[in-house]
Amino acid sequence: MAWKDSLHHTASPKQQKNVIPELRILLIDENRPRAESLTSALNNSRYKINHLANQDMSLLKQVDEIQPDIIVIDIESPSRDILESLSTISHYNPKPVVMFSGETDTDTINQYIESGVSAYVVGDLQADRVKPILDVAVARFREFQKLKVELSDTKQQLASRNLIDQAKRLLMKKKNLSEDDAFKAMRKTAMDTGQKLDDVAKTLISFLNTI
Amino acid sequence: MIEPEQTDLILGFIPLTDSAPLIVAKEMGFFSQWGLNVKLQKQNSWATLRDKLHAGLLDATQMLAPMPLASSLGLGCAKVQVITPLVLSLNGNAITLSEKLHQEILHENNLAHVTLPLAAYLLQKVISVRKIRNRPKLRFATVFPYSCHYYQLRDWLASANISEEDLDIVVVPPVNMVAFLQSGEIDGCCVGGPWNAKAVRAGIGLTALTSFDIWQDSPEKVLGLLASFQQAKPNTVIALSAALKQACIWLESIPNRFEAARLLSSDQYLDASVDVIAPSLIGSCLTHISMPPRAIPSYNQFSKSTKNAASDGSNSSSNNSSINVPEYIRGEWLISQMKNAGQLKDIDVPADLVRTVFRPDIYHQMRLKLEDQAVQFFRRSG
Numbered sequence: 001m002a003w004k005d006s007l008h009h010t011a012s013p014k015q016q017k018n019v020i021p022e023l024r025i026l027l028i029d030e031n032r033p034r035a036e037s038l039t040s041a042l043n044n045s046r047y048k049i050n051h052l053a054n055q056d057m058s059l060l061k062q063v064d065e066i067q068p069d070i071i072v073i074d075i076e077s078p079s080r081d082i083l084e085s086l087s088t089i090s091h092y093n094p095k096p097v098v099m100f101s102g103e104t105d106t107d108t109i110n111q112y113i114e115s116g117v118s119a120y121v122v123g124d125l126q127a128d129r130v131k132p133i134l135d136v137a138v139a140r141f142r143e144f145q146k147l148k149v150e151l152s153d154t155k156q157q158l159a160s161r162n163l164i165d166q167a168k169r170l171l172m173k174k175k176n177l178s179e180d181d182a183f184k185a186m187r188k189t190a191m192d193t194g195q196k197l198d199d200v201a202k203t204l205i206s207f208l209n210t211i
Numbered sequence: 212m213i214e215p216e217q218t219d220l221i222l223g224f225i226p227l228t229d230s231a232p233l234i235v236a237k238e239m240g241f242f243s244q245w246g247l248n249v250k251l252q253k254q255n256s257w258a259t260l261r262d263k264l265h266a267g268l269l270d271a272t273q274m275l276a277p278m279p280l281a282s283s284l285g286l287g288c289a290k291v292q293v294i295t296p297l298v299l300s301l302n303g304n305a306i307t308l309s310e311k312l313h314q315e316i317l318h319e320n321n322l323a324h325v326t327l328p329l330a331a332y333l334l335q336k337v338i339s340v341r342k343i344r345n346r347p348k349l350r351f352a353t354v355f356p357y358s359c360h361y362y363q364l365r366d367w368l369a370s371a372n373i374s375e376e377d378l379d380i381v382v383v384p385p386v387n388m389v390a391f392l393q394s395g396e397i398d399g400c401c402v403g404g405p406w407n408a409k410a411v412r413a414g415i416g417l418t419a420l421t422s423f424d425i426w427q428d429s430p431e432k433v434l435g436l437l438a439s440f441q442q443a444k445p446n447t448v449i450a451l452s453a454a455l456k457q458a459c460i461w462l463e464s465i466p467n468r469f470e471a472a473r474l475l476s477s478d479q480y481l482d483a484s485v486d487v488i489a490p491s492l493i494g495s496c497l498t499h500i501s502m503p504p505r506a507i508p509s510y511n512q513f514s515k516s517t518k519n520a521a522s523d524g525s526n527s528s529s530n531n532s533s534i535n536v537p538e539y540i541r542g543e544w545l546i547s548q549m550k551n552a553g554q555l556k557d558i559d560v561p562a563d564l565v566r567t568v569f570r571p572d573i574y575h576q577m578r579l580k581l582e583d584q585a586v587q588f589f590r591r592s593g
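Chains as they are written, first to last, in our numbering: chain G, 1 to 211; chain B, 212 to 593.
Chain B with its partners taken away, still in its complex shape (with noise of 0.2 Å):
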């Protein structure tokens, strides 16, 4: 067992649906049996979690995937170098368009419904007609500018040639994106869970696709820390990385993913119903309060992608193709999309930013600590 230089943490994240592996690992005791006393704080914003972090204010928190990447380069702070030793989640984010948008599509296409997932080409129309009466043009929510929620939005768009000239794009807090999809003040948003499935219980939405259709299992949320952190308590990271790594693992079977649901229910986490948390993490996504679900099985991927998981059933902890590896070609693909987002522009990208910000050298060994761990398990038992 690994001895961590630092048992008592504070981990900050969001009230989301894949902040799951956090909550898990809290609740079902994977953090104790490491030595670690977490405590998990609640943030408000990503801006005010990133500070805190590198305040030293959160000794590690959940970031959405560019986020490192993002603080590394000094993007929208001072620069501190932070870490990823482990991918949290894939997918997991959907986009939802307002029942008035959704009529407007209806009507300028001359449909009677609409087929899901939806093809961004039918906004095409919708946007030249309000061109032409001069209405205002469309607006469009996304949570963070370093989020894959933005560069998912605007792929989606790009793929019907719709260019962020043809319509806004804003920032929303997810808490405020239903009460904004219903007063019209946005007509769309590309958000993680459980809004969209609140948008949708709510009759106030259609969920017209999710980050799943767009790109294909990609990282989403990560564990970030600041790689000074890392450098004074290497065991600290490694135990934190292996207790969230085996929260990972548990949440791969169905069966647990309903508990999962029910733990985040509670006031201390997302205070939501299990209602609208429960159908992304059982695979299936809501779509409109008079359409039935669609089976989306890697709405929420903690642990292996979705291909692994239908040919192998087993926990094995060390299938090597498992997704929470923070690979470099994730990195490189995440600063890909910044800089066709125009967020790079002036800026001194180093060569080697990936490869200091992603560290599937910590993983690795957090795996061997962990297969060690199972193996002495094992024999005790046996």
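Pulled out of the complex, with its shape left as it was, chain G reads as follows (with noise of 0.2 Å):
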């Protein structure tokens, strides 16, 4: 009854935890040899090559059908000017970009291309490189995505901690308060009404310009 026991194992929740989670590649490369050697060297691994992109259908429709989680693109592609219009024109959210290109010279081109972050440029694809080079792209993309939304709760931060000392200022100013009971007196508005600080503020600025 060993095989049961083990079966019972690897099913308990505290395994499951530690599956990682496939994910879906929309691979847009016109030479089908190339495509299909990717596609074995990929089995048995989490990522899925899903789709291969259909030249007689718009690559906006398949990106909205197959919501992939990684682009691969050859970088001669014709569609390269669809993806640079994902996020400008489309809106859509963005995505791990892998290019590759058999012919150019990619070390110098890697450098230029927007960060170096969300798209990344490898030589060409090789069935044995392609996991490892797959692996960096997606952990590059996510840390690329944590800065971001630090930097853009950073600047959220900065922007409020503005506002309050400035409505801090005018309610020492107008009101004749000190900047300790200024603050006090703002923060008790902000807990009695169960208002965040920086809308108090906002509030108050607003106010005691009008008065």
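Since the hints were made in silico from the structure, they are not lab data. The reader is advised that the hints may include incorrect statements.
[As the list claims (entries may be wrong)] From the structure, some residues in chain G lie toward chain B, with a derived Cβ separation under 7 Å:
#, residue
1, Q62
2, I75
3, E76
4, P78
5, R80
6, D81
7, I82
8, D135
9, V138
[Stated by the list, open to error] Cut-off 25 Å, straight-line C-alpha distance, at most; resulting in silico cross-link-like pairs (SDA-like, lysine to any residue):
#, chain 1, residue 1, chain 2, residue 2
10, G, K95, B, K250
11, B, K253, G, A35
12, B, K556, G, Q62
13, B, K253, G, Q156
14, B, K556, G, Q145
15, B, K348, G, Q62
16, G, K95, B, G287
17, B, K556, G, L158
18, B, K311, B, S339
19, G, K61, B, K348
20, G, K61, B, T218
21, B, K250, G, S101
22, G, K155, B, E310
Glycine is no exception: its CB is placed at the ideal position from the N, C-alpha and C atoms.
Starting from two chains that each stand alone, build the complex the way the hints lay out.
In structure tokens, the structure reads:
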């Protein structure tokens, strides 16, 4: 009955947490033999090439339908311009893009691709190299997205600190309060009304500026 | 004569009718006259063409007029200072509708036939009927986010108060345009030649209007190169601009235009028939398989604006009002278009941006060299 135990064991909730989710790849490559060798190279990995891009259908529609986690594209494909428009004209969520090229000097070009992060250029995609390349691309993309979120959080925090400072100074000037009292008054209003401190500051500024 | 610091150059181009100046300069020997050995490298997408220029894999390239500005601002790419010393062409785009949309316009507006250039308000009925019947929105294609095609399409739609919420605008590579119009994947597109003529010849589209009907005489393609390249090799840039300027002048004559169409049609360039390349070059806009072409003398402009071409038949290169000058006002106009399209949100645009990208100073140095050369030529032959 040992095999049953081990089966049971792998299905335990603790283990399930470690199961790596499958990542869907949209591959845009007109070279069919190369596409097929890539697909088989990624067998038994967390990457699944669900779809080989179909030339007769717009790439946007395919991105919509497949919702890929990664897009892998030949840098010489005319569809490159569609990817370029995903975030500008069409406002799609950013996705990691791996571009490959058999001919071009990719080391040089890589330094110039947008931030070198959301898109990543590699040499010709050889079957034995493809998995580590995808690993790196996904990791870099996630790191970049994390940084982007952190940056916008920091900006947000700075903006609200400015608002609070401004409101505090207005209160001190117009109501003749000490800095400490002005801040306490604002904090009390925030707690009493269940608002955020920077929202209270905003209301105060517009109110104090009109009287 | 000027001595270029670098003689072997690789230039990028996208196979379009208005890549004529590059192909003519190569085929008619203008590059060699200026001591340059140029290799033209066909590119498949604007984004990859741009990245190769940034990385120095291309020494210079044909670019969409807004692209040097976008590169210098770091829009959609790492920030790299790109300059343009020469405007290569004006106009050249058109909006083509699928036959299905053409029929829908006739039907919803109770018309027997459309009048060209087509007024955008005829789309209003189609859009509202589709909305009421819960049918998909119209979908129009353009070629690149930072392109005059996109801004022209927006302007045309805005002329009838049609906003981007009323329809979808997507990017489709020109090579797929005709097939997508036919399959119904898109209902219309704003694209350059020879793609509009191809759709009309194949009987699958109506060319509703040209970009000349929307914006008269605006820069379409420019010569783009890195500011660092120009600093290191100023003479090379002057020689390159001079050869291309000569090609633009050569392209002013209509008989030459037909010869240009033949050059362009070869496999290594557009790989398309003269049937679809020649019309726009000789000022004809094919409209529909069952309708006559429209005369649009400025459909493709390479050297002089229509006004000058009409009053002055000579090929004088000293013409200051030449369309090839990258004037600041042109750059400012493009910036305003980018702004209107919402592409400059959260972007700091330096006050001197246009002055660092559009470089009439280099153009004027080149013009003096070109004049010198012409004088010497006449002395020798006289």
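How the hints compare with the structure:
Because the smallest distance between the Cβ of Q62 (chain G) and any Cβ of chain B comes to about 11 Å, over 7 Å, the interface hint for this residue is violated. With its C-beta approaching chain B no nearer than about 5 Å, I75 (chain G) sits inside the 7 Å limit, and its interface hint holds. A least Cβ separation of about 5 Å between E76 (chain G) and chain B falls short of the 7 Å threshold, and the interface hint therefore holds. A hinted interface residue such as P78 (chain G) counts as satisfied when its beta carbon comes closer than 7 Å to some beta carbon of chain B; here the least separation is about 4 Å, so the hint holds.
Evaluation of the R80 (chain G) hint against chain B yields a held restraint, the C-beta minimum of about 4 Å falling below 7 Å. Contact between D81 (chain G) and chain B, as hinted, is supported at the beta carbon level, the nearest pair being about 5 Å apart and thus within 7 Å. Restraint check, I82 (chain G) versus chain B: the minimum CB separation of about 5 Å is within 7 Å; hint holds. For D135 (chain G), the suggested interface contact is broken, since its CB lies about 23 Å from the closest CB of chain B, more than 7 Å.
Among the interface hints, the one on V138 (chain G) is violated; its C-beta lies about 21 Å from the nearest C-beta in chain B, farther than the 7 Å criterion. Simply put, K95 (chain G) and K250 (chain B) have alpha-carbon atoms about 35 Å apart, too far for the 25 Å limit, and the pair is violated. For the proposed pair K253 (chain B) and A35 (chain G), the alpha carbon gap of about 24 Å is at most 25 Å, so the pair holds. The suggested pairing of K556 (chain B) with Q62 (chain G) is violated, with an alpha-carbon distance near 29 Å, which exceeds 25 Å.
Between K253 (chain B) and Q156 (chain G) the CA atoms are separated by roughly 46 Å; this puts the pair beyond 25 Å, and the hint is violated. Between K556 (chain B) and Q145 (chain G) the alpha-carbon distance is near 20 Å, which keeps this suggested pair within the 25 Å criterion. For a cut-off of 25 Å, the pair hint linking K348 (chain B) to Q62 (chain G) stands: about 18 Å separates their Cα positions. Only pairs whose Cα atoms come within 25 Å are accepted, and K95 (chain G) paired with G287 (chain B) is accepted, the gap being roughly 14 Å.
Distance check on the hinted pair: K556 (chain B) and L158 (chain G) sit about 20 Å apart at the alpha-carbon level, within 25 Å; holds. The hinted pair formed by K311 (chain B) and S339 (chain B) meets the criterion: a straight-line CA distance of about 17 Å does not exceed 25 Å. For the proposed pair K61 (chain G) and K348 (chain B), the alpha carbon gap of about 14 Å is at most 25 Å, so the pair holds. Using a Cα cut-off of 25 Å, the hinted pair K61 (chain G) and T218 (chain B) is violated, with the two alpha carbons roughly 45 Å apart.
Of the supplied pair hints, the one linking K250 (chain B) and S101 (chain G) holds, its CA atoms being roughly 20 Å apart against a limit of 25 Å. With a C-alpha separation of about 50 Å, the suggested pair K155 (chain G) and E310 (chain B) falls outside the 25 Å cut-off, and the hint is violated.
Violated hints, in rising order: 1, 8, 9, 10, 12, 13, 20 and 22; the structure is consistent with all others.
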